[in-house]
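Please build the complex by placing chain B on the supplied structure of chain A, with the hints as guidance.
Chains as they are written, first to last, in the working numbering: chain A, 1 to 285; chain B, 1001 to 1203.
These aren't lab readings, by the way, just hints derived from the structure by calculation.
There may be inaccurate statements among the hints.
Sample of chain B residues with no beta-carbon within 10 Å of chain A, all distances over it, derived [as the list claims (entries may be wrong)]:
| hint | residue |
| --- | --- |
| 1 | Leu-1005 |
| 2 | Gly-1018 |
| 3 | Gly-1069 |
| 4 | Phe-1071 |
| 5 | Arg-1137 |
| 6 | Gln-1140 |
| 7 | Leu-1168 |
Reference excerpt, derived from the structure (chain A facing chain B, CB under 7 Å, subset only) [unchecked claim]:
| hint | residue |
| --- | --- |
| 8 | Ala-42 |
| 9 | Ile-43 |
| 10 | Leu-49 |
| 11 | Pro-59 |
| 12 | Ala-69 |
| 13 | Thr-275 |
| 14 | Val-278 |
What the simulated footprint calls covered on chain B by chain A, stretch by stretch (three residues with Cβ under 8 Å from a Cβ of chain A suffice, anywhere in the stretch; the number is not a length) [unchecked claim]:
| hint | region |
| --- | --- |
| 15 | 1077-1087 |
| 16 | 1170-1179 |
Cβ coordinates follow ideal geometry from the N, Cα and C atoms, glycine included.
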Amino acid sequence: MLTDQDYERLSAYVDGELSKAERTALETRLDADAELRTELEAIRATIGLLAALPARKAPRNFTLDARTARRAAPRVLFLPAAAFSALSAAAATVLIALSALLYSGAQVAPLASSIALAPTQADAFQREAQATLSSTPLSTEKQSTTASPAQPEESAVMDAAGSVPSVENADQSADNLPAAAPIQESESTVMQFAAPNTTADANLAASGMSAAASAPILEQAAATSVALSTATPAPTLAPPTATPAPMPAPVPQPDNSLPALLLIIGLALLVASITVGVRMGTRWR
Amino acid sequence: MASSLPNEQTFITAAKRGDVDAFNRLVLHYQDGVYSLAYRIMGDEASAADAAQEAFILAYRRLETYQDGSFKAWLLRIATNACYDELRRRKRRPATAFEDLPGAEADDGPPLPSDEISPEQAVQQAELRRAIEGCIRGLQTDQRTVLLLSDVEELSYQEIAAITGVNLGTVKSRLSRARLGVRGCLEAFRELLPSGFRQSSNQ
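Just chain A, same shape as in the assembly (with noise of 0.2 Å):
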């Protein structure tokens, strides 16, 4: 009876894989030993019959086409393709986020700090609009019919900082200023900040913030603004006064510029990344 071992040592004499120690003791037994012959030749027979078989013949052709091949192609870049997409949608998702919060951001933040900057803003006004006031002859006197008639604007809005309110003034004001009512109405909410001194040049001051923070009121704002600015180099007005209020300009328009620039390269890289991915998808097998 053979052993596995033996099975082993005969398939792998057939085959030429003994070491030539393993042979020559195979073959001295094989001379002895007529079972070890039969299944010898038993295992050659097999192999045999296994070598004779022949081929099948492939149901149809495994050739290639173009197409194929594109898609079977060594992807060298698949790598740097795949970091490429990752990279560019999580850029994207940053620069989408950070335009949406920007954009928010414009929306909220000018009306935000020009409250928070109200009091400040309007006390520096107001200590500059005195300063003109005590220096020239225009007081609290309605004097604003005397000055240049060829500006009406100015007229209007330096009645308004020199007097103390009343309707006729508001009225005026509104007859000038077509928003004039929103206008009275922020003013109130800012002059809160601008107290203890309530007083008209405050009141002008605070009506210019708030004007420019509203965004419908912007024109007027800017109106107001130019309109002391004019006043400045009257000729009646001390020195001082001469530099740039510190007026409406330094709250500007909401500038969603940024934002939607960030949005456009984030849409930008959020689509690239899209193709770059379904292309990869569509190769890789």
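Only chain B this time, still in chain A's reference frame:
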């Protein structure tokens, strides 16, 4: 499987540069062999065709990794792995049991045209082929693959060890057991066997 294609290295070099036509010359030369191996490992035509096609696509993709040595052995390695991948997939989806797949008893198609044999001989050859393939299919996958690579494809132990990822000793023992298994199985088809096999088996 057919011996190597004349000017094989020329086609390989061209294919490496992206010449699909050159690669397809290699495909046409080796496709019957690759398909045969796949069929005998997988056990059915559809799976074998899928595995063979996958093998050639993978071969084209990985052509850079072929350096030198036997291109046929390199190709069979890819084909064997493609079959194993498919078998693993099938194991994960046991809806179609391996034994239930169309096997030797199914229609194998006409035998390959052969010169100077009578219709009777052709039928007998086809039956013998079916018998042998049926016996091979009865082996465990590991033994089956080693047997096919060694005795059908005539690769060396070294090449088989590289393809199957086992050491030479394992190749040797698996092959021995596979040969014994096929031989025992073929006893049932004694009447189909050539006289040489009958004689040795009868003793």
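Structure versus earlier hints - violations, ascending order = The structure conflicts with hints 2, 7, 13, 14, 15, although it agrees with all the remaining ones.
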